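Asks: Sequence lines, in order, name chains C and Z.
The letter at position 100 of the first sequence is residue 100 when you use our numbering, and the numbering goes up by one with no holes.
The letter at position 224 of the second sequence is residue 1224 when you use our numbering, and the numbering goes up by one with no holes.
Wrong hints could be hidden among the right ones.
Just a few of them, taken from the derived set where beta-carbon distance is under 10 angstroms, the chain Z residues facing chain C [as the list claims (entries may be wrong)]:
no., residue
1, Arg1025
2, Glu1085
3, Ile1216
Mimicking DSBU-like on lysine-lysine, the simulated pairs with C-alpha atoms at most 30 angstroms apart in a straight line are [claimed, not checked]:
no., chain 1, residue 1, chain 2, residue 2
4, C, Lys244, C, Lys260
5, C, Lys78, C, Lys94
6, Z, Lys1129, C, Lys138
7, Z, Lys1075, C, Lys94
8, Z, Lys1044, C, Lys244
9, C, Lys244, C, Lys257
10, Z, Lys1029, C, Lys138
11, Z, Lys1003, C, Lys94
12, C, Lys252, C, Lys78
13, C, Lys244, Z, Lys1075
14, C, Lys38, Z, Lys1002
15, C, Lys149, Z, Lys1044
16, C, Lys38, C, Lys78
17, Z, Lys1002, C, Lys138
18, Z, Lys1029, C, Lys94
19, Z, Lys1029, C, Lys149
20, Z, Lys1075, C, Lys149
Quick look at which bits of chain Z chain C covers, simulated, 3 or more residues with Cβ under 8 angstroms [said to hold, decoys possible]:
no., stretch
21, 1073-1080
22, 1202-1208
Think of the hints as simulated: they come from the structure by calculation, not from any bench.
Keep in mind that this is a model prediction, so the values were computed, not measured.
Glycine is no exception: its CB is placed at the ideal position from the N, C-alpha and C atoms.
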Amino acid sequence: MRLPTRIILGILLFMVAGISLAQEEVSETTALHSELPKRLFLTDLYLQRGIPSGDNFAGNGLDGGTGFGIRMQFYLPKNFYSGGALSQDFMSVKNTSIAGEYSRATKFNAYLFVGYDYPLHDDWNITADLGYGYSQNKNRQNSSQGGGKFRDTGYVLRFTTSLEYTFSSGVSFYFSPSYEVVNYHIDTAAALDNRFNNGNYFNLALGVRLSVLDYNNVALKKSDNQDLQELQSRNRDDLSIKEKRRLYFLKKREIRKLRKERRRNN
Amino acid sequence: MKKLFFLFLPVLFFSCEARLENDVRALFKTRVVDVSGNPIANMKVNATTFRTNRLIIGQEFSKFSRSDEDFLLGKGMTNTNGEVEFMMLVDGDFFINFNSDNYIANKISVSRQELNNDLLLHISETILKETALVEIDFLNTSGTAEEYNVTFDFESLDCDLIYRNDMLAQDEECLFNTNLSGRFNRTIDDRTFALSVFYPSVIDVVFTNTSGNESIRTFSITSPLERYEITY
Chain C
1 MRLPTRIILG ILLFMVAGIS LAQEEVSETT ALHSELPKRL FLTDLYLQRG
51 IPSGDNFAGN GLDGGTGFGI RMQFYLPKNF YSGGALSQDF MSVKNTSIAG
101 EYSRATKFNA YLFVGYDYPL HDDWNITADL GYGYSQNKNR QNSSQGGGKF
151 RDTGYVLRFT TSLEYTFSSG VSFYFSPSYE VVNYHIDTAA ALDNRFNNGN
201 YFNLALGVRL SVLDYNNVAL KKSDNQDLQE LQSRNRDDLS IKEKRRLYFL
251 KKREIRKLRK ERRRNN
Chain Z
1001 MKKLFFLFLP VLFFSCEARL ENDVRALFKT RVVDVSGNPI ANMKVNATTF
1051 RTNRLIIGQE FSKFSRSDED FLLGKGMTNT NGEVEFMMLV DGDFFINFNS
1101 DNYIANKISV SRQELNNDLL LHISETILKE TALVEIDFLN TSGTAEEYNV
1151 TFDFESLDCD LIYRNDMLAQ DEECLFNTNL SGRFNRTIDD RTFALSVFYP
1201 SVIDVVFTNT SGNESIRTFS ITSPLERYEI TY
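With these hints in hand, go ahead and build the complete structure from the sequences.
Replies: Written as structure tokens, this is what we have:
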């Protein structure tokens, strides 16, 4: 079994184990979950290390490098989400006889994805999504090769997972292994065909996740804040804009307080 | 603000930087032999969009193209059987250059169309010639004071082989093969002409005096350094 296959299986196994173990904890913390606001929208900013793999021009001819990316996703019902992403990876050529007579390759991806966000615990989430989109390697020769530039383009299929730890209500950090297969549209001589059909990349990313939470739909029955209880008990349509705003921030503060208390008790 | 965003969005997807052909890799292969049919091993072979000009034997010097259009497309080295195969990038017409200590200035000029759709350039056999320095002395033994015109017809190092319609051939239209001409005996003296040529080859020397008498000499070049004397 090749290395990338093993890595993917490892991630899947880890996720399945995580989900089945988490089932028991959820029942204990259901009460707390009901107080947690749902996610509406989030933005990921990350740095990643891309590792080309596979028996093709990318795996044998390119050397991995660092990259960065941004992902934005909005939430669908039942913790499903959908979004778009942009990324850029800076790689170098380690074997010109396999990849071609150039020295650097910058991989640009733009893709859309759908996935599922599973809350393992109050502070821990795991996500998994599948994305599809456009990919382009911008290739450059060094000065001794003539400084020429050209592109290799294709479509990317990307499987992304992440393990996330929430620091405060809107900010979390995550570790995200992902695997992508790019189908390149490179015209080649018949003898070279298999080498330039695909490029596989395994990526390890570290990033920060900024969430926009839905405080409006959280009911805080246990709160001892009189203002909050009073505003919450009234019909939402009767509230003035100022009152709605006040309710929002009271809820936000209350949830933050609850989270702190819960951490202290744990 | 939204308009501005849409204005700059295409910049992410398009750029006018790319100068080599996108999304393409070609394959070149050939077997390199000398004039007796023996394979030439360990010879550097490369594909470029530029060709170099020979200044003095053993040195490749100036180029015939603008420097921002000079690209190295691919390179390889012949094995003991003289075979070489390498993958190359593509950018219009190109040259296959052969370089080793004994073989310089051998080039094949290939047009983009020869790659066709199969993106394969397979020249079954490339026969390379070595280079020779030939000196031709004109010795005035008759004491004539007439001035002479001379032209040389030879295989110039500045002429390429041409690969066209799956055939490798000498460039018949190459101007350098007959370009070299000169005068001698302007004042009564001897004169030496030095020519760099591929060998084995034949040099035709045609010299004419002012009264229109034409003389022709033909020399067969078979070694790297040759010297001939013509008396008049």
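Asks: Are the hints correct? Go through all of them and say.
Replies: Each hint tested on the structure:
1. Here the hint on Z:Arg1025 is kept, as its CB sits about 5 angstroms from the closest CB of chain C, short of 10 angstroms.
2. Interface hint at Z:Glu1085: satisfied, since its Cβ lies 9 angstroms from the closest Cβ of chain C, which is below the 10 angstroms cut-off.
3. Against a cut-off of 10 angstroms between C-beta atoms, the interface hint on Z:Ile1216 is violated, since the closest Cβ of chain C lies about 45 angstroms away.
4. For a cut-off of 30 angstroms, the pair hint linking C:Lys244 to C:Lys260 stands: about 24 angstroms separates their Cα positions.
5. Distance check on the hinted pair: C:Lys78 and C:Lys94 sit about 45 angstroms apart at the alpha-carbon level, beyond 30 angstroms; violated.
6. A threshold of 30 angstroms between alpha carbons decides the hint, and for Z:Lys1129 with C:Lys138 the separation of about 40 angstroms lies outside it, so the pair is violated.
7. A C-alpha spacing of about 15 angstroms is found between Z:Lys1075 and C:Lys94, which places the hinted pair at or below 30 angstroms, so the restraint holds.
8. With a C-alpha separation of about 78 angstroms, the suggested pairing of Z:Lys1044 with C:Lys244 is violated against the 30 angstroms cut-off.
9. Restraint check: the Cα-Cα separation between C:Lys244 and C:Lys257 comes to about 20 angstroms, which is no more than 30 angstroms; the hinted pair holds.
10. Between Z:Lys1029 and C:Lys138 the CA atoms are separated by roughly 27 angstroms; this keeps the pair inside 30 angstroms, and the hint holds.
11. Annotation: proposed proximity of Z:Lys1003 to C:Lys94 is violated, straight-line Cα distance about 42 angstroms (limit 30 angstroms).
12. As the CA atoms of C:Lys252 and C:Lys78 are separated by approximately 22 angstroms, the hinted pair is consistent with the 30 angstroms bound.
13. The hinted pair formed by C:Lys244 and Z:Lys1075 fails the criterion: a straight-line CA distance of about 71 angstroms is larger than 30 angstroms.
14. With a CA separation close to 29 angstroms, the supplied pair C:Lys38 and Z:Lys1002 stays within the 30 angstroms bound.
15. A threshold of 30 angstroms between alpha carbons decides the hint, and for C:Lys149 with Z:Lys1044 the separation of about 24 angstroms falls inside it, so the pair holds.
16. Using a Cα cut-off of 30 angstroms, the hinted pair C:Lys38 and C:Lys78 holds, with the two alpha carbons roughly 10 angstroms apart.
17. Between the alpha carbons of Z:Lys1002 and C:Lys138 the distance comes to roughly 28 angstroms, so the proposed pair stays at or under 30 angstroms and holds.
18. Of the pairs offered as hints, the one joining Z:Lys1029 and C:Lys94 holds, with about 23 angstroms between alpha carbons and a cut-off of 30 angstroms not exceeded.
19. Restraint check for Z:Lys1029 and C:Lys149: the C-alpha separation of about 24 angstroms stays at or below 30 angstroms, so the hint holds.
20. Annotation: proposed proximity of Z:Lys1075 to C:Lys149 holds, straight-line Cα distance about 18 angstroms (limit 30 angstroms).
21. Restraint check on the stretch 1073-1080 of chain Z versus chain C: 4 residues with Cβ-Cβ distances below 8 angstroms, three needed, restraint holds.
22. Only when three residues or more bring their CB closer than 8 angstroms to a CB of chain C does the claim for the stretch 1202-1208 of chain Z stand; here the count is 0, and the claim is violated.
In this structure, the hints that do not hold are numbers 3, 5, 6, 8, 11, 13, 22, in rising order.
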